[in-house]
Amino acid sequence: MSNTINDVRALAESVGANLSGCDNQTNLFEEGIIDSLQIALMVGEIEKKYSFQFELDEINPDVFESIESISAFIDKKRK
Amino acid sequence: MEKLITDFLDKAVDLCPDKTVFIEKDNKVTYKELRIYAQAIARALEERRLLRKPVAVFFEKSIMCVETFLGVAYSGNFYCLIDIDMPDARAKTMLDALKPSLLITDKRHASRAKKITKEIPILIVEEQIDLYYGQIVCKDLRTSLLSEDILYILFTSGSTGIPKGVITSHRALISYVNSVAEAYRLDENTIIGNQVPFYYVMSIFDIYATIAIRAQMHIIPRKYFAFPGMVVRYIHYNNINTINWVPSALALVSNVNGFKAADISCVKTVLFGGEVMPVKHLNAWRRVLPNASFFNGYGSTECTEASLFYEVNREFNEGDVIPIGRPYSNTEALVFNEENKIVENEVGELYIRSDALSYGYYRDNSLTDKVFIQNPLHNRFRDIVYKTGDLVRYNQYGEIEYIGRIDDQIKHMGRRIALGEIEANVSSINGVRENCCIYDNNKQQIVLFFSGEIESEKIVNELKKTIPDYMLPTRWEQVKELPRNPNGKIDRSQLSGWLSSLNNEK
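Just so you know, the sequences run in chain order H and Y.
As numbered in this note's numbering, residues 5 to 83 make up the first sequence, in order.
As numbered in this note's numbering, residues 31 to 536 make up the second sequence, in order.
Excised from the complex, chain Y in its bound form:
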């Protein structure tokens, strides 16, 4: 049994040291080299006497970023990725919440890192690898570490305007990778084509399932997704057989029938998740890949990555709902109504029971206690379940279907966004009087209604400094005044009404 996630890498180095594990544009690394670099980085941290401390990792998506993740893991500390795509202000907010002992970056991003933080010591990864190349951490270190120790913190959108740091342990991730290997029938012949950013939870599958099953992963250059012919040819030439993409990326290809560019019958497994998959695009992919297996994954960062999955096994017509299926083998899905009674024939909230649950939110036990709660079914012993906030129901096949979020959180382009977080950031801009975000489900647009003496362009510019691009509203409506309900709160349902009448005018 593996105790730490790095045990999978050690095993791979024993069994297939010279196999290439990660490939990016002009670079690749074998299992053996991956461990050498990771151990060198771990030595740099060991030398600084850091143990069980948070380490910020400031990188763009790259092999070196993965080497650093694993280096932090070998050293017995835990990492948190601050992606270079994050605006400075958001990066600062994350660093304030994390209070890391160190920040690791590469030469290219060192000056920006220095701009973002004055207090946190910065390590340049290339320099550390040069210094400690070929060295390994003290053998006793592994003995002192536990499966219960934290591996990483991954930030997700929070409703208060402050992102929440979800804490994942080695144990949770080990449980998860074992589940996915079984559910998706993965083995050492698997070649994954990565699309999602590393700060997005779906990448946990790409990185760690690869290492656990001794497979191979390509980081497909981001630019290729803008030009579907390029991504299709990349898959063809590199024999990619497994893809785990957000539906909008799959749609980018099928929208323009990008399949014409090359034969991609090498693809045997298509995983998608993070947002609702449009049936039209699923069908286009299935027509091109009649022999491939298609899986809809459902999950959240709080449960490591995914908890439920559905293998597409019948025809779907437009308007049909693709279920999220059933839980992984070591996971239980519980559906409760508002009276905390298990329901089978009505809509209820999904709770997850699993050893892949995270510890909750970093430095926020009160928020953790709200959603990681005692199993409502009993009080005989401590039995923590995660309250997902998602509404689901069982269909006629006994599969679970996703209905929507209980509160105002939305899934937009594969990412979870709390509309409140956008609103909180808009309110802090000078000149904005009031604002409210509505999600237009049909058009998949975040619509911002606002009032005040300010132009939308100025709000965009200010907003870009504090929130990432994917959270930016896609439509802007300036109004004299926002509608209020009798309690004086902004009336969201009335705003949705305004939105549909605006849509009808056009």
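Isolated chain H, as found in the complex:
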């Protein structure tokens, strides 16, 4: 789990999100840490790194709420 969290933080930063002062539960969209374009970029990066495809409705506010929720989703998909 913690490995995924670190990877997701790195992915988020690689698409331009500024995570300084943001913990793993911080609401990324509401706090303005990540925008719509960056979420789209992250979807692509996650698909590449973990070799799975998002279903359209898996790109939703619950999955992308926080670093923790994204990591949990990835872990679930990889099982």
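Just so you know, the hints here were simulated from the structure itself, not pulled from any lab data.
Since we're looking at a predicted model, the values are computed, not measured.
There's no promise every hint is true.
The list that follows gives simulated cross-link-like pairs (lysine-lysine, DSSO-like), each with its CA atoms no further than 27 Å apart [to be verified]:
{"id": "1", "chain 1": "Y", "residue 1": "Lys122", "chain 2": "Y", "residue 2": "Lys371"}
{"id": "2", "chain 1": "Y", "residue 1": "Lys298", "chain 2": "Y", "residue 2": "Lys55"}
{"id": "3", "chain 1": "Y", "residue 1": "Lys473", "chain 2": "H", "residue 2": "Lys52"}
{"id": "4", "chain 1": "Y", "residue 1": "Lys253", "chain 2": "H", "residue 2": "Lys52"}
{"id": "5", "chain 1": "Y", "residue 1": "Lys253", "chain 2": "H", "residue 2": "Lys81"}
{"id": "6", "chain 1": "Y", "residue 1": "Lys148", "chain 2": "H", "residue 2": "Lys53"}
Chain Y stretches covered by chain H per the calculated footprint, using a threshold of three residues with CB under 8 Å from any CB of chain H [said to hold, decoys possible]:
{"id": "7", "segment": "252–258"}
{"id": "8", "segment": "453–466"}
{"id": "9", "segment": "488–494"}
We put the beta carbon where it would ideally sit given N, CA and C, even for glycine.
Put chain Y on the given structure of chain H with help from the hints.
Using the frame of chain H, we list chain Y on its own:
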């Protein structure tokens, strides 16, 4: 003939008072209510004896923000939106340039407004509406106002690090809305789904074309664009038939085939502009909406919003250029070479002649004089044209194609950015020795090369205080020293070379 932009609203209230004009998440407003709120705000300004004065409007994107725009217009003053997304430092720079007589905001943002300015009096819009609800401004006020009066000032990115305030009159906007209604065949059945922020010029279409043609506009919540299924369902359930989005927003949906979420055949008109539309995404949208009309718009804040348009009427393959087409009916496009000769078969700079031209830049006549110039074709009478700084050429169909910017201004995610403005702000950060921004056209990335004893993360944090997020570099390369040309200037072409070799290594 309309004299003021508010005349369109008056006409709409006469013809369809109870029609809903704007809709947002938990709120909507009819034409009649819109005018009541706008008039109440106008009364608050009239009571303060303000006329033809700048008024700062500090809001997030909302119906109340539009009510305030129109309130300022009814009062005979002119507004300038300071969006709450702006970092404090940029908001301050804009206020310094504008020197507004007043700042209007809502309850929610009043404390932040007070933090940004100590000098400018602040009005809370809810309080003013309560005070003046149901009142209207003196009837003689309209008589004393002219089409030539300023309606708003919209800031765009400037190369000196200071944003430029572009001045738009009622006349220019009236000319523009009449042109777009004709060009895009809009009517009162039009239902617009707004995507762009109100501080971005494309929103002028959404707000004012809606009122002028007595149509309806939905403010689609920003969050929905992050989750393409949500935005597609929103369009479906609300019967949106017209969208005017930046290509990157259209791409957000087509990238993940968001069309699967719902049937959006209700969409009949797709307008895009502000940046180059990738053919791949245009084709994906056209496949889903075979009966819709697609238009590529081209323009700039200096010409109100758009000046040229192209209706997609043939197939495009990847690598093809989607033209920007031809001018609106009341606009002329002139293409000059460096010798100021009109050219037809070579690349030249585009000049625009139109009554939708703005007055230029607020409190900066010398900059205005550089780009709003006498028509190079003659000297017989005063005939001002706008020198766009854009390189274009005619294609085999006689349509105009956009080539690129003459100077270092770029279009990134739909917004015009002067790389120099980013550089100017980076230089002012302690620890940065030298810096230079390069735009990677292929990857659509703003790449910042910098040197000095500082980490990129610290620069980002500092930069966020002075420039909006969309201007932040997307890639950072720390180097020992930047290359210089023989004149001692930073060598941009050599940096572009570095960038491609860095790209090749990866």
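Item to check | Violated hints, by number in ascending order, as checked against the structure | outcome: 1, 6, 8
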